[in-house]
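If you follow the hints, you should be able to join the two separate chains into one complex; please do so.
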Amino acid sequence: MTALTPDTLLIQALNGLASASSLFLVAAGLSIIFGVTRVVNFAHGSLYMLGAYIGWSLTRHLASFGAFGFWGGVFGAALLVGIIGVLIEMLILRRLRRAPELYPLLATFGVVLIVQDVTLAVWGPEDLLGPRAPGLTGFVTIFASRFPVYELFLIAVGPLLLTALWLLFRRTRFGLLVRAATQDREMVAALGVDERRLFSSVFFLGAALAGLGGALQLPREAVNLNMDVSVVVEAFVVVVVGGLGSLFGAYIAAVLVGIIQAFGILFLPKVTLVLIFLVMGVVLAVRPYGLFGRVAASERQRSPAGDRVLRPLSVTARVLFGFTILVIASMPLFAGDYAIGLIAELLILAVFAASLHFLMGLGGMASFGHAAFFGIGAYGAALALKVLQWPMAACLLAAPFAAALAGLLAGWLCVRLSGVYLAMLSLAVAQIAWAASFQWVEVTGGDNGLLGVWPAASVASRGAFLLLTLVVTVATLAALRVAAFSPFGYAFRAARDAPRRAEASGIDVRATQWAGFVIAAGFAGIAGGLYAFAKGSVFPTYLAIDKSVDGLIMVLLGGIGSLTGPIVGAFAFGGLEAELMASVAFWRAILGFVILALVLVAPSGIMGLFGTWFRKARNPALPA
Amino acid sequence: MTQAPMLSVETLDVHYGRAKILHGVSFEARSGEIVALAGRNGAGKSTTLKAIMGLVPASGGHIVFEGKDITRLEAFHIARMGVGFVPEDRRIFTELTVAENLAVGARPVTGGREPWSVERLVALFPNLGRSLHRLAGHLSGGEQQMLTIARTLMGNPRLILVDEPSEGLAPVIIEEMARALLELKREKLTMIVSEQNLNFLSAIADGVVLLERGVVRHIGPMSTFLADESLRARYLALS
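Chains as they are written, first to last, in our numbering: chain A, 1 to 624; chain B, 1001 to 1239.
All clues stand as given, with none of them false.
A short, non-exhaustive set of chain A residues, derived as facing chain B with CB atoms under 8 Å:
1) R179
2) E186
3) M187
4) E195
Quick caveat, the hints were computed from the structure, so don't treat them as lab data.
The C-beta atom is built at its ideal place from N, Cα and C for all residues, glycine as well.
So here's chain B without its partners, still in its complex pose (with noise of 0.2 Å):
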């Protein structure tokens, strides 16, 4: 592979005051690419994600999108730029209908893709059509999750990171979850996921960057990281 990476993480350092969070992570994501942040819980996977997102200051490293160095930009900089933000504790908007929750999130396209629309999106979350005009805090935990989702994809991002989706939904729903999320690699969308459920992981992603506290112990194609039961073990062995 030649091409460019869509997303590199260069030695990337995060303290929250004065304890440090993040010890030089590095990895990459190709365009097109799911590449799953794995490991415990505190291992330093949302905090990876805020910091490519920009809500959580770097203190070292560099984050570059595209070619372009984001480290120091606001959020909604990068958001602009084509990144997607989908939070772990889903955060939807609780008092707005959840076609007004999906019109925050909407920007317009750009680079020639075909855009994002509530009709879309009803089609690849099919219970989000049944309820457009209800309170989003009415919704059940998985259609909120699918909502957050659906949000960030109304900015029509080309990168989406997403935290923790099947964390505390019902195993039919994370069913849904990776079966969207496949979806939307053919739509050539390029996922970070951080993610503690092995199984939904292997469904989904191409690579594997496991965390633990806060340093990077072992990149890979999802393949070899499914074969190799020492990392299995030691991935497993979650507290």
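The shape of chain A in the complex, shown without the other chains (with noise of 0.2 Å):
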């Protein structure tokens, strides 16, 4: 650590502006594409990534051509990427128009491991060093510091592009449609514009900023696999806390960003993975629609659940579960170590699946963080083991405690904000309890974890074990089921469909939400229970961002309007990935490419789509 003199200061203050500015190209270009399509693009970052990447190779192509050469390259990888973001939009997200808004955000996660793997074939595994930036490639001496012009250059670039960007959407007729189809892009087609065009040139501009900001790394630090998400957090969180849709918050809020990261490494090097999320958590507790932020107007709440009812299990659907669960209970009988450790650990995740669509299907909150409850239930459960030396029954239900009782505080937190905002918000707790357990080693074990998180001798074989986790998950999903369509349930749904209505006919919409979030965190807590008792161990990664993302592609693919979704969705993503993971090098390529064609053939999930066909062949004159 380096002493505290003013210089010190100022020069960290110097390098957290010059990292806002790239911060700030992304997030500005996310924001533009959210407010006007509506799309969460969490390919955002991967856009961000391969500027960086083509910038490497364009510069290095054309390296002979000195200071041109470098910002020809800088510029023409903005541009590439600011075609694939179109091809980005025309391919895919065209399509999904007029699905349910989470569909789109499932199809970008599959964009994102497209590109990693895409990355990975075309430059390899290794870091790679960039070119310094032609001309600017001095330094400074700012009292008794060397300081490098680069970076001085970059803190010139975020206001720069602010002014450019205001001008743009003040001064043109470009920027008047964005403005205007950011509040009501329907009313923008009927006065007779092609949204179609409007939508491709937006995801051209996004992605061409992004571009931009990848490239501008290039001097600053080496490129490498895992800018994507890191940099797609973090332009989340400064969105989210500038205010959706608020250019200049979001400059503000990327200030904020950088600095506080910058003195974060400065003077809490333990809690710097904290810092950002505390800062936003607080920012949204405050000020729920961000710094700069307003409520739309004309926001129009679609519920994702669409105009699916749920309806109570058919007699066919009783026997197939029936029989499904006879035989996964016969599994010990016939089947391998192997296949009965996948079954349970799928089984597992169908409880998580399920309790993260209780929250999102039934509650209309779609939850960015859900896994942290999933990771808190592991956590307990090994702590009460390893710490209380508690019996292995009474581990499994300190799990679901522990993980309502996160539930409660988050929740309070929460279920104050809605869509996109209150995803932003879980992810943001989520981030923090992630943190904690990475960071507070003491207690979690930091990145070691905790091992030996054995299961009790009389269910220590694979076969025991599968009938237990079975019998507690067919118990699970039965509760889960009766919570659907008991009063609970129906006040549940009703603040989802018709928050007011519900109000005016003496629903507590605000407690219904907050008792939702509570189940929904102690169910997710169970699977986490049983998860650590199944793998013998508990890491940080349990809450990692990845794993929430997990829980929402499963719910979404299995398909949000019915209660069996999620479980025909964890079944079909886990097993998916357990085999794809075990037996091909580009498995997450292909598991991109599964998503993409599932989210565009069967935009309303598995069960959407064995839905649609059962109701045409009853009825052929039904229209899709």
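If you want it as structure tokens, here you go:
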């Protein structure tokens, strides 16, 4: 740690401002795209990463042209990434315009996976060192410290681009249409504006900004394969803290995040990971729509479940379920250890997915951080076993209690918001929990995790553990189904579909949603507790964003309009992932393509597809 | 009258999900006419207008505008052919200024008519002239409704679909609205106006299409409708 002198502080502040610029470019693109198309583009970090890689290649090829080569490479990269953005919009997202709003998000997850493997295949796993910017390689002396000129240049880029974008939006017809469409895109179409061209151009702009942000990083940091997810999470924080749709807010928030990180490393190295999410949590708790955000007046909330009505299980479905349970229960008699272990794991994933579906499908609250409760359940069970020396049954009970307790706290914050804001706040809460599990080494073992979480002797064999898992899973899923059709379930769904009317008919919407949040967290905890014993260990990755994303994919893949959806989704996704990871090198790309194919063919999930087939078969006159 | 209708709606069906909202709705509008779509809440008036505009998909039937089938066209395409839509809940761009709202709607004129300009619109709606550079969200309800119509006119449409123009407005504003619509009629603009306010309709409309639960119950001239006690009783028995 450096000594704290005024010039170290200044240098750190300047460092923070320099990193804020690239972050602002990514966040601005994300915000513009979301504003007009309502697509939460999770692949925006991938576009940033592609900008860096493509910029690396272009600047190398053009190196002989000096400054022209470098800047040509940087802007060429931005241009190419813009075109990639247009292709993503035209080939994938355009087909999903009428799908519920979370399906485009799922598609962008697929793009993230594909881009990861394509980048790995083209540029290899090693970090790549970029060129330095000709003419900006020197240093200036600030007090007694040497500060790179390129960093000063980056500091200027942020406000310059902010001004350029402001002029674009205020002074051009394109900007006018973007602002109008951000408020009410259907009305813009009714006034004769071709939405498709507007969407494509907005994607071009947003993607090119991300690509530029990535390419501008070349002289600063080595290009690597982890750039995508880290930057997209930070960009989400920036967009939400600044207020969706406010470019000025995004810039201020980017500076805030940049500075916090620069000083965090200096003063609080132990909690750097938590810090920006803590700030985001505080901002959203005080100003739910961000620092400069406003509630869009014409925001039309669409239920993520579409207009599918929840129905009790049909006789056929009951028979199918019974049969499946029987087959799984008899597996120890004929199946091998690997298959038994896999099925137990898939059952646990089904409980996790069902708990998230309870929150998303029935409650209309899409959480991007549900894995936090899964992980807290796992840690709860593991700590009860290792520290308190409780018997296994008590540990399995401790898991949901720990998770529900965390859900009580997180839910209190989250249910005050809805839509993307709720998703982002839940992500922040989950990142705080993840960072705690990672950095609170004394209790959680940090990166090394907690090992030796073995089941009691009576269920130590794989077969016995499968039966235990099956019993818990069936009981849990049945309980969730009963809850969905209970008076609470009706109130919960009413709060989703028409909060005002629910309120007017005597339902305390907040309290209902809070209770639903706690229930969903508790059930995720059950899954986490079982998972700890199934794996014999607990790691911070259980709480990580990837796990939350897995949950979202399972729920959306299965279809959000049916209670069976998450179970089918968990088996489809978990099974596919396990099989692919074990046998194929580029399993991410394949998984990405499978997700894209499913989303494009069955935009209401696997169960939605079945549902349409069944209805068509029964009554061919119905429209699709 | 031998002239072909400007717009004909032929046995139009619309579904929302699995619920059928419109059942074989048919009617016509001739050039320069104001057709009233009358009926109670939930009768299908708005849905009919949105279906013509391409904002909700038709599941059956045809919509023909100036001889061309527009049933499956997208909204922006229909707008460019000369159909304007004035939505019921105003839906102005509240974060844009009045002038910017008008600019979003601007499209070149077709067919040798005098194009609408901000100046002409200000003459029609004097209130808007005083607030061109204010945020549209700061206008009063009546002014917002005027702006919605003005914004649509900027696209130089030949037919406009006006959804519940008098809803939630004070009587004096409703009178101004009727005056403006009659002025537009003198400009040979064809209009389909969905409305529940019979006084307002009787002041402007030439013909009436009475909708009830997605079915056309009566079509005829305004004068017959006004003279027929039993029809009016049915229509006026509002909830």
